[in-house]
Amino acid sequence: MKLRGRAWKFGPDIDTDRIIPARYLNTSDPKELAKHCMEDADPEFAKKVQPGDIIVAGKNFGCGSSREHAPIAIKAAGVSCVIAKSFARIFFRNAFNTGLPILECEEAVEGIDQGDEVEVDLGKGEIRNITKGLTFKARPIPPFMESLLKAGGLMEWVKQRLEVGGR
Amino acid sequence: MGMTITEKILADHAGRKEVFPGDLIQARVDIALGNDITAPIAIGQFRRIGAREVFDRERVVLVPDHFTPNKDIKSAEQCKVLRDFAREQGIIHYFEGGEIGIEHALLPEQGIVVPGDLVIGADSHTCTYGALGAFATGVGSTDLAAAMVTGEAWFKVPESMKFVYYGKLGEWVSGKDLILYTIGDIGVDGALYRAMEFTGETIRDLSMDSRFALCNMAIEAGAKNGIIAPDEVTEGYVRGRAKRPYRLYRSDEDASYVDVREYDVSRIEPQVAFPHLPENTRGISEVGRIEIDQVVIGSCTNGRIEDLRIAARVLKGNRVAPYVRLIIIPATPLIYHQAMEEGLFEIFLEAKAVISPPTCGPCLGGHMGILAKGERAVATTNRNFVGRMGHPDSEVYLANPAVAAASAVKGYIAHPEEVVKEV
Ligand code: SF4
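Note that the protein sequences, when read in sequence, are chains F and Z. Heads up: the first sequence at position 5 corresponds to 1239 in the working numbering, and the numbers run straight through without jumps. Heads up: the second sequence at position 161 corresponds to 233 in the working numbering, and the numbers run straight through without jumps.
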C-alpha cells in the first residue's frame, strides 16, 4: 500500500493533550474529534490538512494519556500516516489497534521539512521525500503486529476467535 | 537466570515457566478497567463484533470519574453508555453517584486490585497499582474491548530498569518528589517501553500513599509499568480489603536489568516540575518567585488521606492569598469521609478553600477549576502539558501537597517552611 501527501512537521514529545485536548473528550465521534486535531500544537492544522497528508514528528510522539481519541482524530482528519523518531507505547498500541499506519525512522524525520511531498510504501517500509529526492528505510513492524493488521485490527482478530470458540 | 517481579507476574499469567524481555505473550488479565472517556469506545467495539457477554462480570470494572458529576450533555451521554452496559452485563464493580472516586485511588482502596495481579486499564495511570506489587499498565479502548471479551491481552515483555533509593527523606519530601526527581533525571521517555522497579531502604519505609504517588507517574517517564515488591507495608494495606486471594512476587537476586540507578534521597528537596513537561523539574530552592492564580490538591497522584493531612497541616491557621483559588479534591468517598471525621474540612474551609466531590475534574482540564488564558496553577497532579488544565496559554506547575498548600497561602510557589507556624 502506498500513501502520499505533504509533510506536517512537529517537534519532540507531542503529547495526547496536544493531539486532542481533553476539553473535547466528551464525545468519541471521529468527525467532531477531527475538527480539533493537533489544535494545541498548531491551531490551523485541522483547517489546512489535506487527505493523504503525513505527520512527521520527533521522539516520543503520543506520550501522555491512553485516549484512543488521539489516533482516531488523526485518522479522521485525513492523515494517512505518522512518521516519528519514536512513539509512546500506548499510542503505538492504539495506532495498530485502530488501523493508523505509523513508522519509526529517525533519518526520515531529519530529512523531511514542512510541506515536502512524501510517499510511503508500507509493505516495504520505505519513505521517499519526493521534493528532496531522498529515500529512507523505516524500522520494520514486529511480525506479531503485522498479523494483527492482516486480520484487520485487534477486534477483527478477536471476532474470528469468537466465531471459532463461540462465546 | 533469575527473573524480575514484572517478568514473574507476566510469565505466570501467560502460563509459562519463564519469559524474557522482547517476548510477545498472550496473558490472562485479572482486572480490565475502563472510565467514562475510554469505555464508551470499548463498549461500541464490543457490540460491533457481536459479543454478547463480558468474560467475567467481577473482573470488568467501570468507573465514570473524569467528567462526573456530569459536566454537560455530551458527558452525561457518555456516562449513560457505561451505566446501561453495567446494568445489562451485571457488572459488579460499577460505581455511581456518591460511590464514585478517582479510579486509581478507588480500586486499591476497595481491594479490587491485589498484589500479584495483572491489570490492564484504558487509562494511562493504571500503572499506579504497581505499588501493590501488581503488574498494571495502561492500554487503549480497543485493547480493553478485546479483554472484556476474551479475558486476555497481548504484551511485549518489557526490559526492567531498577531504581534504588537510599537515605532518609527530608521533612517535606514525599513519594511525589522522588518520582519528579527521577523523571527530571531520565526524561519523559527515559523508561520508554520499560518496567520501572523501585527499591531500596527508602522505599521500604515509604507509606502506601506515597508508593501509589510514585508508581502513578511511571508513565510520565514513558514506562510500561512501575512496580514495588510487596512487603509488610503492602500486606498491612491489603489485609481486610482484598476481595480475592493475592500472591506476593519478588525479583530474584540475579534478575537482569538494562539499567540500575541509585539516588541518595537525603539530598532531594521538594520538587517542582515547570511547564510543559514533567521532566522540567527543579528543587524548590531554585524556583524563584512565581506568582499563581490557582492551586489544585487532588487527583490519582495526590488526593489520598495522607496528602490531605499534610495539606491541612500547612493550611492550619492560614488563609488562601487574595485573588487565589484553592481547590481540594479528596480522591474517593472514603477519603472524603475520613477527612471530614478528622476535622480536615474545617481547616480547609477556614482557609477559604473549595472542597470538591471526588472527580478527576481540573486534572485533565475537564471541569471544577479550569484556567483562563495566561493563568498559572500549582497542582499535585501528574501532567503539566500545554492546555492540560484549561486554556492552551495557561501553565501548570507540578508539586507535592505541602508545597501546593504553602503556595496557595503565599500566592506564589513557596516552601512549606515559609508558612507552617508550629514546630
Ligand atoms: S486524576 Fe487526572 S491523571 Fe488521574 S485518572 Fe483522573 S484525569 Fe487521569
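Simulated from the structure, these hints should not be mistaken for laboratory data. Don't take every hint at face value.
Per the computed footprint, the stretches of chain F lying under chain Z, defined by three or more beta-carbons under 8 Å from a beta-carbon of chain Z, are [as the list claims (entries may be wrong)]:
| # | region |
| --- | --- |
| 1 | 1246-1257 |
| 2 | 1288-1298 |
| 3 | 1322-1329 |
| 4 | 1334-1344 |
| 5 | 1387-1397 |
Partial list, derived from the structure: chain Z residues whose beta carbon lies under 10 Å from chain F [what the hints assert, rightly or not]:
| # | residue |
| --- | --- |
| 6 | G122 |
| 7 | F139 |
| 8 | Y265 |
| 9 | K296 |
If you want the ones that stay clear, here's a sample from chain F, every Cβ over 10 Å from chain Z, calculated [unchecked claim]:
| # | residue |
| --- | --- |
| 10 | G1239 |
| 11 | G1349 |
| 12 | T1365 |
| 13 | R1373 |
These figures come from a predicted structure and were not determined experimentally. Beta carbons are placed, not taken as given, at the ideal position from N, Cα and C, and that holds for glycine.
Going down the list of hints, with the structure as the test:
With 7 residues bearing a CB less than 8 Å from a CB of chain Z, the region 1246-1257 of chain F meets the requirement of three and the coverage assertion stands. Remark: the region 1288-1298 of chain F is confirmed as covered by chain Z, as 4 of its residues place a Cβ nearer than 8 Å to a Cβ of that chain, reaching the required three. For a cut-off of 8 Å, the count of residues in the region 1322-1329 of chain F with a CB near a CB of chain Z stands at 5, and the three-residue condition holds. Beta-carbon proximity to chain Z at under 8 Å applies to 0 residues in the region 1334-1344 of chain F; the threshold of 3 is not reached and the given coverage is violated.
Look at the region 1387-1397 of chain F against chain Z: 9 of its residues bring a Cβ nearer than 8 Å to a Cβ of that chain, three or more, so the hint holds. This hint holds: G122 of chain Z has a C-beta 7 Å from the nearest C-beta of chain F, less than the 10 Å allowed. Interface restraint check for F139 of chain Z: the shortest CB-CB distance to chain F comes to about 6 Å, inside 10 Å, so the restraint holds. Because the smallest distance between the Cβ of Y265 of chain Z and any Cβ of chain F comes to about 5 Å, under 10 Å, the interface hint for this residue holds.
For K296 of chain Z, the interface hint holds, since its Cβ comes within 10 Å of a Cβ in chain F; the closest pair sits about 6 Å apart. With a minimum CB-CB distance of about 25 Å to chain Z, G1239 of chain F clears the 10 Å threshold, and the non-interface call stands. With a least beta-carbon separation of about 23 Å from chain Z, G1349 of chain F lies farther than 10 Å from that chain, consistent with its non-interface assignment. With 10 Å as the threshold on Cβ separation, the claim that T1365 of chain F sits away from chain Z holds: the shortest Cβ distance comes to roughly 29 Å.
The beta carbon of R1373 of chain F sits about 13 Å from the closest Cβ of chain Z, which is more than 10 Å, so the claim that it is off the interface holds.
The structure fails to meet hint 4 from the earlier list, while all remaining hints are met.
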